[in-house]
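Take the given structure of chain A and dock chain B to it, following the hints.
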Amino acid sequence: MANRYSLWSLIKNGLKHHESWQPAWKSPQPKKQYDVIIVGGGGHGLATAYYLAKEHGIKNVAVLEKGYLGGGNTARNTTIIRSNYLWDEAAHLYEHGLKLWEGLSQDLNFNVMFSQRGVMNVGHTLQDMRDIERRANANLLNGVDAVVMTPQEIKDMVPLIDISHRTRYPIMGASFQPRGGVARHDAVAWGFARGASELGVDIIEQCEVTGLIIEGGRIKGVNTSRGDIMADRVGCVAAGNSSVLAKMAGLRLPLESHPLQAFVSESMKPCIDTVVMSNAVHGYVSQSDKGELVIGAGIDSYLGYGQRGSPHVIEHTAAAIIEMFPSFSRVRMNRQWGGIVDVSPDACPIISKTRIKGLYFNCGWGTGGFKATPGSGNVFAHTIAHDDPHPLNSAFSLDRFATGHLIDEHGAAAVAH
Amino acid sequence: MLVITCPYCQEAREEEEFSYAGEAYIARPAVPEEVDDATWGDYVFHRKNPRGWHWEQWQHVAGCRKVFAVKRHTVSYEIAGSWTLADGKALYEEEQA
Chain A
1 MANRYSLWSL IKNGLKHHES WQPAWKSPQP KKQYDVIIVG GGGHGLATAY YLAKEHGIKN
61 VAVLEKGYLG GGNTARNTTI IRSNYLWDEA AHLYEHGLKL WEGLSQDLNF NVMFSQRGVM
121 NVGHTLQDMR DIERRANANL LNGVDAVVMT PQEIKDMVPL IDISHRTRYP IMGASFQPRG
181 GVARHDAVAW GFARGASELG VDIIEQCEVT GLIIEGGRIK GVNTSRGDIM ADRVGCVAAG
241 NSSVLAKMAG LRLPLESHPL QAFVSESMKP CIDTVVMSNA VHGYVSQSDK GELVIGAGID
301 SYLGYGQRGS PHVIEHTAAA IIEMFPSFSR VRMNRQWGGI VDVSPDACPI ISKTRIKGLY
361 FNCGWGTGGF KATPGSGNVF AHTIAHDDPH PLNSAFSLDR FATGHLIDEH GAAAVAH
Chain B
1 MLVITCPYCQ EAREEEEFSY AGEAYIARPA VPEEVDDATW GDYVFHRKNP RGWHWEQWQH
61 VAGCRKVFAV KRHTVSYEIA GSWTLADGKA LYEEEQA
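Sequence order for the protein chains is A and B. Okay, so the first sequence: first residue is 1 according to full-length UniProt numbering, each after it adds one. Okay, so the second sequence: first residue is 1 according to full-length UniProt numbering, each after it adds one.
Next comes chain A alone, as it looks inside the complex (with noise of 0.2 Å):
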């Protein structure tokens, strides 16, 4: 590797100035031919290349992205990671995609602040509580950690939650998962890139996919703003645009796009060391490692394909985390981002083979998708490489939507949608 970070490194590098560090990552030209493409240069995309070259040595591949890696939704979202799914397809999923997290950073050799500093989902009525218990039951049958807190044993690891009686909606308890957490995003896409080009995959920035070249039934390749480029399997992980690739297609998919909001405030010394997530005045908040609260809630209501949502839902958004921590009254917000998630109709992605031959789909990962990073990655280089479903998201098939086999996570997962 040109450059294996270390202490070693560091001081190597530290004695020369830090002027002979190489870029993370090659920039090639695109080659006329590849044996699998990759749309969507997103940590999805990106990892989704990394596992093909390592774990099934298909190392002729390129990942072609219409702006910069990690510039859409890796680089708008909360970083929050968890596997607290009450379903049992969903909670193995996810919990792979944890179990991966756990070794990342030493098996990318690039440090992405994965901190396992928990994730907490409270309940503020009676059927909140019901339902926490039954997903930690579920959970703990999955082989996923979680805990359930009455409202002392909230208080006693956030002191700043307001617990009292006094609110509209009073905390009853919350589960826990301590295995949770966050994760740096940027370093997620930077690290998987870097894997993956240290593996001989081609990453194509400014590379924007304009059609899919398909003949009898199969795909040969695409269309883009750089020239055609051939390859008998394609896989498109575009999150928000993931319908629009499939028109080119000719194919229709159960997605709809909308705005996702999130905002951070101003950098405060340390106050919540953990995630606190409420569905039920619906917000979530950390704090960075900068210090700033990062916040975020649901998706606009309407469909948009525009990064930005309305304000009335970040006001909405702030209310909640008021709700909860009325200390935070006085907090400034600093910035505001909205990004563009594909939400599927039971609120699980699409991990999929399509009636195209040789076309592969990652997508309706909706407002969840940055915690199943290297999970999903993992799982659809699989699917692409065995033209096959690895186990884990052999129920995740676009398929489900004609059978009715639906993995119905809406309002089952812990999860403000």
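Careful, some of the hints might be misleading.
If you want a taste of the chain B side facing chain A, the calculated C-beta under 10 Å gives, among others [as the list claims (entries may be wrong)]:
1) Leu2
2) Glu33
3) Glu34
4) Asp36
5) Ala38
6) Val44
7) Phe45
8) Arg47
9) Glu56
10) Arg72
Using 30 Å as the maximum straight-line C-alpha spacing, the simulated BS3-like pairs for lysine-lysine come out as follows [said to hold, decoys possible]:
11) B:Lys48 to A:Lys247
12) A:Lys66 to A:Lys353
13) B:Lys48 to A:Lys66
14) A:Lys357 to B:Lys48
15) A:Lys247 to B:Lys71
16) B:Lys71 to A:Lys220
Selected chain A positions facing chain B (in silico; Cβ < 7 Å) [as the list claims (entries may be wrong)]:
17) Ser115
18) Leu160
19) Ser301
20) Leu303
21) Gly304
22) Gly306
23) Pro311
24) Ile314
25) Glu315
26) Phe325
27) Pro326
28) Ser327
29) Phe401
30) Ala402
Since the hints were derived computationally from the structure, they do not count as laboratory data. Small disclaimer: the values here were computed from a predicted structure and weren't measured. Glycine included, C-beta positions come from ideal geometry on N, C-alpha and C.
Then chain B, alone, in the frame of chain A:
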């Protein structure tokens, strides 16, 4: 913040008065018993989700509570107009033809 005109109230009001009600003019299969699962699944779940002009339904929940059609651009969020469902459908079909 979108500013939407309700064709019934004939007033431009802020988005918060309205509720988004999804893609407009999705045709229900005429004889549901006769279509296969894929067609039915397409009707229930699959959507156009275009990057561009989109015909959609909004409900004036804090006003007259009626549902109407809006043609809106999904990138610029520009609104071309709003119509009653019947008036909008005539325009929509003209566009599709």
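Evaluation of the provided hints:
1. Leu2: 7 Å, holds
2. Glu33: With a minimum Cβ separation of about 16 Å from chain A (threshold 10 Å), the hint on B:Glu33 is violated.
3. Glu34: 16 Å, violated
4. Asp36: Where the cut-off is 10 Å and the nearest Cβ of chain A is about 8 Å from B:Asp36, the hint holds.
5. Ala38: 5 Å, holds
6. Val44: 8 Å, holds
7. Phe45: Because about 4 Å separates B:Phe45 from the closest Cβ in chain A, which is inside the 10 Å limit, the hint holds.
8. Arg47: Hint holds; B:Arg47 Cβ to chain A Cβ min 6 Å, cut 10 Å.
9. Glu56: 7 Å, holds
10. Arg72: 8 Å, holds
11. B:Lys48 to A:Lys247: Roughly 9 Å between the alpha carbons, so the hint for B:Lys48 and A:Lys247 holds.
12. A:Lys66 to A:Lys353: 23 Å, holds
13. B:Lys48 to A:Lys66: Answer holds: B:Lys48 to A:Lys66 is near 22 Å, not above 30 Å.
14. A:Lys357 to B:Lys48: Holds. A:Lys357 to B:Lys48 sits at ~22 Å (cutoff 30 Å).
15. A:Lys247 to B:Lys71: This hinted pair holds, its Cα atoms lying about 20 Å apart.
16. B:Lys71 to A:Lys220: Outside the cut-off at roughly 36 Å; violated.
17. Ser115: 35 Å, violated
18. Leu160: It is violated, given that the least Cβ distance between A:Leu160 and chain B is near 30 Å, above 7 Å.
19. Ser301: 4 Å, holds
20. Leu303: 5 Å, holds
21. Gly304: 6 Å, holds
22. Gly306: 5 Å, holds
23. Pro311: Cβ of A:Pro311 sits 6 Å from chain B, so the hint holds.
24. Ile314: 11 Å, violated
25. Glu315: Where the cut-off is 7 Å and the nearest Cβ of chain B is about 10 Å from A:Glu315, the hint is violated.
26. Phe325: 25 Å, violated
27. Pro326: A:Pro326 check fails; min Cβ-Cβ to chain B is 24 Å, beyond 7 Å.
28. Ser327: 28 Å, violated
29. Phe401: Since the shortest Cβ distance to chain B is 4 Å, the answer is holds.
30. Ala402: 4 Å, holds
In summary, the numbered hints that this structure violates are 2, 3, 16, 17, 18, 24, 25, 26, 27 and 28.
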